[in-house]
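Enquirer: What follows is the residue order along each chain.
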Amino acid sequence: MIEMTGIGRSFQVGTEAVHALQAVDLTVRGGEYLSVMGPSGSGKSTLLNIIGLLDRPDSGVYRLDDVNATELNDTQQAAVRRHKIGFVFQFFHLVPRLTAAENVELPLILAGMDPNERKKRLDHALEALGIADRARHRPDQLSGGQRQRVAIARATIMRPGIILADEPTGNLDRASGNDVLDILENLNKEGKILIMVTHDPELGRRAKRQIQMLDGRIGSDSGKSA
Amino acid sequence: MKTFDVLQFSFRAAVGYPARTLLTLLAMAIGVGAVILLTALGEGARLYVTREFTSLGTHLLIVIPGRSETTGGPPPLLGETPRDLTLEDALMLKRSSAIRRVAPVAIGSAPVAWQQREREATIMGSTAEMFDIRQLSMAQGRFLPAGNPSRGSAVCVLGYKIKRELVGNSSPLGEWVRIGGRRFRVIGVIAAKGQSLGLDMGDIAIIPVASAQMLFNTSSLFRILIQAGGREAVPRAKKAILKIIQDRHEGEDDVTVITQDALLKTFDRIFNALTLTVGGIAAISLAVAGILIMNVMLISVSQRKTEIGLLKAIGSPRSQILRLFLSESAVLSLIGSFLGVVLALVGTWASLRFYPNFPVTIPWWALTAATLVGVLTGLVFGVLPARRAAGLEPVEALSRR
Chain P
1 MIEMTGIGRS
11 FQVGTEAVHA
21 LQAVDLTVRG
31 GEYLSVMGPS
41 GSGKSTLLNI
51 IGLLDRPDSG
61 VYRLDDVNAT
71 ELNDTQQAAV
81 RRHKIGFVFQ
91 FFHLVPRLTA
101 AENVELPLIL
111 AGMDPNERKK
121 RLDHALEALG
131 IADRARHRPD
141 QLSGGQRQRV
151 AIARATIMRP
161 GIILADEPTG
171 NLDRASGNDV
181 LDILENLNKE
191 GKILIMVTHD
201 PELGRRAKRQ
211 IQMLDGRIGS
221 DSGKSA
Chain C
1 MKTFDVLQFS
11 FRAAVGYPAR
21 TLLTLLAMAI
31 GVGAVILLTA
41 LGEGARLYVT
51 REFTSLGTHL
61 LIVIPGRSET
71 TGGPPPLLGE
81 TPRDLTLEDA
91 LMLKRSSAIR
101 RVAPVAIGSA
111 PVAWQQRERE
121 ATIMGSTAEM
131 FDIRQLSMAQ
141 GRFLPAGNPS
151 RGSAVCVLGY
161 KIKRELVGNS
171 SPLGEWVRIG
181 GRRFRVIGVI
191 AAKGQSLGLD
201 MGDIAIIPVA
211 SAQMLFNTSS
221 LFRILIQAGG
231 REAVPRAKKA
241 ILKIIQDRHE
251 GEDDVTVITQ
261 DALLKTFDRI
271 FNALTLTVGG
281 IAAISLAVAG
291 ILIMNVMLIS
301 VSQRKTEIGL
311 LKAIGSPRSQ
321 ILRLFLSESA
331 VLSLIGSFLG
341 VVLALVGTWA
351 SLRFYPNFPV
361 TIPWWALTAA
371 TLVGVLTGLV
381 FGVLPARRAA
391 GLEPVEALSR
401 R
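Chains P and C are the protein sequences, given in the same order.
Numbered according to our numbering, the first sequence spans residues 1 to 226.
Numbered according to our numbering, the second sequence spans residues 1 to 401.
A couple of the hints might just be wrong.
Restraint-style ranges between C-beta atoms, simulated for each label pair [as the list claims (entries may be wrong)]:
1. 372/C with 29/P: 55 to 63 Å
2. 178/P with 372/C: 28 to 36 Å
3. 364/C with 96/P: 20 to 28 Å
4. 368/C with 63/P: 49 to 57 Å
5. 25/P with 372/C: 43 to 51 Å
6. 291/C with 56/P: 51 to 59 Å
7. 291/C with 25/P: 38 to 46 Å
8. 119/P with 342/C: 50 to 58 Å
9. 119/P with 364/C: 56 to 64 Å
None of these hints come from the bench; they were simulated from the model.
C-beta: ideal position from N, C-alpha, C; glycine also.
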């Protein structure tokens, strides 16, 4: 459950203060599927980063599962990211020197999980995403769609309740983009919150709830009535 | 995160960028290797000098008649002596448990002749124990026989130089030579050893001490050479000598005792200081290696910005990133230090191979200290890059691909 009230965030660009977010209120319940759309610079990525605790708001209160996330310290925020949130990026952000399997395993290693348990979860995740046969390949030996599958496997291996996807299909051709989207939507069907930033209206329309960002504010929200 | 996983991650990261890793390792290896090698050279120089001094005879004490009241300068060699050192004095010294060997020395100059050839030489009267005290070695035959030192027999041992000048290349063993008008049978030739204590052992003829005293018509000794029972026994031996001689000389403290150890200790101090100095200079290269590690790690941090951002996104707190990057510096410096040790071992091996006489040895303290300092350097200089990595803002780090 995500509850944001009065969230503001501004950046200093040169001498000018840019208001990326201004007084944003947003509530997302468990199992919802949101798309966040809007022109570039409208604040959709900043919103996603704040939801994912990668960025701190300047003002407002963000409660995640009834915990005031803005008051957590660095270590606590890291723990929340580790257990509750999975990120999928436009540029995949796989570690180039590690194999696909090692990239997927990384969150488990960082969490200090036992190697046997790690192996079990890893095999399961690779199988589920259909990349078991590419496990020993490095990212530069994989196609874009395969890379994004690896990234999704990595984002989900800690079994988080929230998937945050920032232009997940932005670097993919249409076919593999649809593929990736199907995978993400299946995760949503399993009960995870899926929030996807995109500027492709066609993709955005697939979400049950659509948010339009405009100049740091929520312009329209199809699910606000709820 | 498990320690093993941290190490493995750091190691993989280091292997992932072979060029910069190799350069860092090289710098670290050279730094550590230089420190070890240079201290080994200093230690070698010290051992070399010590060995040269030991070749005079180990745990040597020299008793000289007469008391030098002035400090500094050599004790008077002649005159000013109220009482002479006698053969009996020398033999009494053997009673002390701290003293292992005693060689009385009477010295003079006399012509040595064989057939028609004759030359002036230093004639040394001594006993069989001289052989061990001065660590002489024989080229031919044997040294003076053991026996009652107060009875002189007509045998002599020649220095290799005199032997060559008198008999050439033929063997002198069993020949009779005339020394100062008396006849002595040659029983041995001393091997070349060079000068020691200012006396050329090649240009000398050694005869039993009683014979020498008879030859020079004297009852006094030039000096007494003494070998203590061990290095620790030297001070005890010195005290015993002074006590025994004093008792025999009606309470007069009228001899001077020189210990070889006192001399050695001075050299030891000088060379230890030298070793430390050289090691310290070499430590500068270690600092340079440390700065290089810092540079390389800083570059690594900016190259791996997205990776760091990603680690944060998937749940690494600052402390974990700090740990990962510090351990990478540690792994680099550890392997580098290890290579440095190998380098130093190869260096000493090569040096021993080409200059076997110069005993280059790696002191164990230098080995441990250099390795420890190497790893420590890596850690210290790794702090800044690791802190920079940990402090990166994830959003900024992830914004670029």
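Enquirer: Does each hint fit the structure? Answer for all of them.
Expert: Structure-based check of each hint:
no.: 1; hint: 372/C with 29/P: 55 to 63 Å; in the structure: 58 Å, holds
no.: 2; hint: 178/P with 372/C: 28 to 36 Å; in the structure: 59 Å, violated
no.: 3; hint: 364/C with 96/P: 20 to 28 Å; in the structure: 43 Å, violated
no.: 4; hint: 368/C with 63/P: 49 to 57 Å; in the structure: 56 Å, holds
no.: 5; hint: 25/P with 372/C: 43 to 51 Å; in the structure: 58 Å, violated
no.: 6; hint: 291/C with 56/P: 51 to 59 Å; in the structure: 35 Å, violated
no.: 7; hint: 291/C with 25/P: 38 to 46 Å; in the structure: 52 Å, violated
no.: 8; hint: 119/P with 342/C: 50 to 58 Å; in the structure: 36 Å, violated
no.: 9; hint: 119/P with 364/C: 56 to 64 Å; in the structure: 44 Å, violated
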